[in-house]
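Undergrad: Listed here are the chains, written in short residue letters.
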Amino acid sequence: MPKYLLLKRYRGGPEPHHPFPPMDQWAPEDVEAHIAFQRHVSELLEESGEYVDAQALTPTRTWVRYGGPDAAPVTTDGPHPETSDLIAGWYMIDVESRERALELAAYVSSEPGPGGEPLYEWLDVREVMSEAPSED
Amino acid sequence: MVDELTRLDEGALRAVVPRVLAGLVRRGEDFDAAEDALQEALVEALRVWPEHPPRDPRAWLATVATRRLVDARRSEAARHRREEAISAEPPPAVTEEGDDTLFVLFCCCHPDLAPASQVALTLRAVGGLTTREIADAFYVPEATMAQRISRAKRTVRGRRLDQPGDLAVVLRVLYLVYTAGHAGRVDLAGEAIRLARQLTLATEEPEARGLLALMLLNHARLPARVDPEGRIVTLDRQDRGLWDTREIAEGVRILQSALAVQRPGRYQVEAAIAALHDDAASAEETDWPQILAWYDDLVALSDDPVRQDPAAVLGRAVAVGHVLGAAAGLRETDRLRDVIGERQRWHAVRGHLHERDGDLPAAATAYAEAARRATNVAERDHLVRQAARARAAAL
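Going down the list, the protein sequences come from chains A and B.
The numbering of the first sequence is our numbering, which starts it at 1 and goes up by one.
The numbering of the second sequence is our numbering, which starts it at 1 and goes up by one.
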């Protein structure tokens, strides 16, 4: 059973299907529907026995690298925070096949947005490498 | 029936953990080794007691743990386990229960330990939780938590443990356990209350009772704080009929006994504020002038409250907003901009005050700013809802 990471983004990725404002500017009932759908996805994955993990990340990012011997770590928030990829969170799933992973990702992407319309949000689907060598 | 027996035994079992551990350490055993041996004895007890309940649980545990220690020294542990588990017998000297709890708490809350380690060690050595339960509660792998605990014990090893420790650190650790909430299978808030209760038996310090009262008075509102869909319900909208009146009554009684000593401290003051909220039959009937007076006391406990205790100044700003008007409350928050202006709670409080002031667009912006800074999914969702609601109402 391969594991897949379904990555959601604050920004970045392919051209959006359609533009939409940040969630705090949606109608209150649309916010409710969106949050209810996300809870429903987690429950669905747990019931189907495919859930491994789900996490959300805060939007604050700091880049950091080794500063050299006896130097403090070097950090930066830039250089182009508006255009770069920013991951918002993920589902990790354990599924039968890549097809199933894509099917679930598409379902996640159907989450309701403003006016109850699907967001058609792009999800980044990545297979997790396994630890053990395969038997052959 | 069997389940019930097991559960009963587990409660009794965990209550004597710190006493047994203190006894072993006082006798000269190394804290690290003694705690490991006791943990093994606990696991054994959970297996054996349902069918062979001991006459004296504490003596049983002390005996089995002692044999584990001896076994560990002889490196031939496994062979004897079975027989000794059933034939364990009592010896040990009886010491005062409260003393022992305090003694072990000071070990676990050693100032050289990082807060996360203090919390983990306290839950295991005083709370009697297993490593797996503690790992579950903090959502880390069991191996990680095991490593954290053994590193903590290594740090404490060799330190003199016969000196009284810093009670303020113990109180802070217990409050950390409380605020970590009730994630996973373990109700950490309930556990913190249990430990604080044990602590109040061990010390006359009014702040210990203040902390217990604060926990009880907040915990009483827990059933109303989240709705069935998992949404946060703010204090002013909670169904007060869901509050636990018994817990409130107990909290108030304990707080009064602490205040009677007339050595005020932050936990007593915070408990008094919680008591005033609990006392109001509706949000409108909240005695905000009294709450503000207590916040004045709280702020007065620091020399430079804006820098040393910004949370108290922020809480006071809310009270000012209710007593003197939202604009006055907002002015109070301005003083904190340089210190906590990047924090979620600062923006959330300003959203609340703008809303009371009738400035809904400003409220929506402040809530959205708060949501961006949230580090907790339930709070983030709540703040996004608040922002959307304020924006919709402003249209």
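The hints are simulated quantities; they were obtained by calculation from the structure and are not laboratory data.
Glycine included, each C-beta is placed from N, C-alpha and C at the ideal position.
Check before you lean on any hint, since a few could be wrong.
[To be verified] Among the chain B residues that face chain A by a calculated CB cut under 8 Å, a handful are:
#1 259
#2 263
#3 368
#4 378
[As the list claims (entries may be wrong)] Here are the simulated distance ranges between beta carbons:
#5 B:172 x A:98: 21 to 31 Å
#6 B:339 x A:13: 16 to 26 Å
#7 A:132 x B:172: 41 to 51 Å
#8 B:230 x A:22: 16 to 26 Å
#9 A:9 x B:70: 54 to 64 Å
#10 A:1 x B:280: 23 to 33 Å
#11 B:187 x A:124: 53 to 63 Å
#12 A:71 x B:260: 12 to 22 Å
#13 B:43 x A:132: 55 to 65 Å
#14 B:338 x A:62: 36 to 46 Å
#15 A:124 x B:339: 37 to 47 Å
#16 A:84 x B:263: 48 to 58 Å
#17 B:166 x A:103: 36 to 46 Å
#18 B:263 x A:47: 32 to 42 Å
[Stated by the list, open to error] A few chain B positions that, by computed beta-carbon distances, are all more than 12 Å from chain A:
#19 12
#20 15
#21 28
#22 112
#23 248
#24 281
#25 326
#26 375
#27 380
#28 387
#29 388
Undergrad: Each hint needs a verdict: does it hold in this structure or not?
TA: Each hint, compared with the structure:
At about 40 Å, the closest approach between the beta carbon of residue 259 of chain B and any beta carbon in chain A exceeds 8 Å, and the interface hint on this residue is violated. The closest approach between the C-beta of residue 263 of chain B and any C-beta of chain A is roughly 41 Å, which is over the 8 Å cut-off, so the hint fails. Hint on residue 368 of chain B holds. Least Cβ distance to chain A is approximately 4 Å, under the 8 Å limit. With 8 Å as the threshold, the beta carbon of residue 378 of chain B stays out of range of chain A, its nearest partner Cβ sitting at about 10 Å, so the hint is violated.
For the pair residue 172 of chain B and residue 98 of chain A, the beta carbons lie near 50 Å from each other, so the given range of 21 to 31 Å is not met. Separated by about 37 Å at the C-beta atoms, residue 339 of chain B and residue 13 of chain A break the suggested range of 16 to 26 Å. Our hint of 41 to 51 Å for residue 132 of chain A and residue 172 of chain B holds, since their Cβ atoms are close to 44 Å apart. Remark: the range hint 16 to 26 Å for residue 230 of chain B to residue 22 of chain A is upheld by a beta-carbon distance near 22 Å.
Taking 54 to 64 Å as the suggested C-beta distance range, the pair residue 9 of chain A and residue 70 of chain B conforms, at roughly 59 Å. Between residue 1 of chain A and residue 280 of chain B the C-beta distance comes to about 54 Å, which lies outside the given range of 23 to 33 Å. Taken as a hint, the range 53 to 63 Å is violated for the pair residue 187 of chain B and residue 124 of chain A, whose Cβ atoms sit roughly 37 Å apart. For residue 71 of chain A and residue 260 of chain B, the hinted distance range of 12 to 22 Å is not satisfied, since their beta carbons lie about 57 Å from each other.
A beta carbon spacing of about 30 Å between residue 43 of chain B and residue 132 of chain A contradicts the range 55 to 65 Å that was offered as a hint. Judged by the Cβ atoms, the range 36 to 46 Å given for residue 338 of chain B and residue 62 of chain A is violated: they are separated by roughly 21 Å. At roughly 38 Å, the beta carbons of residue 124 of chain A and residue 339 of chain B sit within the given window of 37 to 47 Å. Evaluation of the 48 to 58 Å hint for residue 84 of chain A and residue 263 of chain B yields a pass: the beta carbon distance comes to about 55 Å.
One distance hint, 36 to 46 Å for the beta-carbon pair residue 166 of chain B and residue 103 of chain A, is violated here, with the actual separation near 57 Å. Distance hint for residue 263 of chain B and residue 47 of chain A: a CB-CB separation of about 55 Å, inconsistent with the stated range 32 to 42 Å. Non-interface call for residue 12 of chain B relative to chain A: holds, since the shortest CB-CB distance, roughly 35 Å, exceeds 12 Å. With a minimum CB-CB distance of about 35 Å to chain A, residue 15 of chain B clears the 12 Å threshold, and the non-interface call stands.
In this structure residue 28 of chain B is separated from chain A by more than 12 Å, as the shortest Cβ-Cβ distance comes to about 44 Å. With a minimum CB-CB distance of about 25 Å to chain A, residue 112 of chain B clears the 12 Å threshold, and the non-interface call stands. Annotated as non-interface, residue 248 of chain B keeps its C-beta farther than 12 Å from every C-beta of chain A; the closest such distance is 31 Å. The Cβ of residue 281 of chain B lies farther than 12 Å from every Cβ of chain A, with a closest approach of about 29 Å, so its non-interface assignment holds.
Every Cβ of chain A is farther than 12 Å from the Cβ of residue 326 of chain B; the closest lies at roughly 21 Å, confirming the non-interface assignment. Non-interface status of residue 375 of chain B relative to chain A is broken: a Cβ of that chain comes within 12 Å, the nearest being about 6 Å off. With a least beta-carbon separation of about 7 Å from chain A, residue 380 of chain B fails to lie farther than 12 Å from that chain, contradicting its non-interface assignment. Here residue 387 of chain B does not stay apart from chain A, with its beta-carbon only about 4 Å from theirs, under the 12 Å limit.
Not every CB of chain A is more than 12 Å from the CB of residue 388 of chain B (nearest about 5 Å), against its label as outside the interface.
Consistency note: the structure conflicts with the earlier hints numbered 1, 2, 4, 5, 6, 10, 11, 12, 13, 14, 17, 18, 26, 27, 28 and 29.
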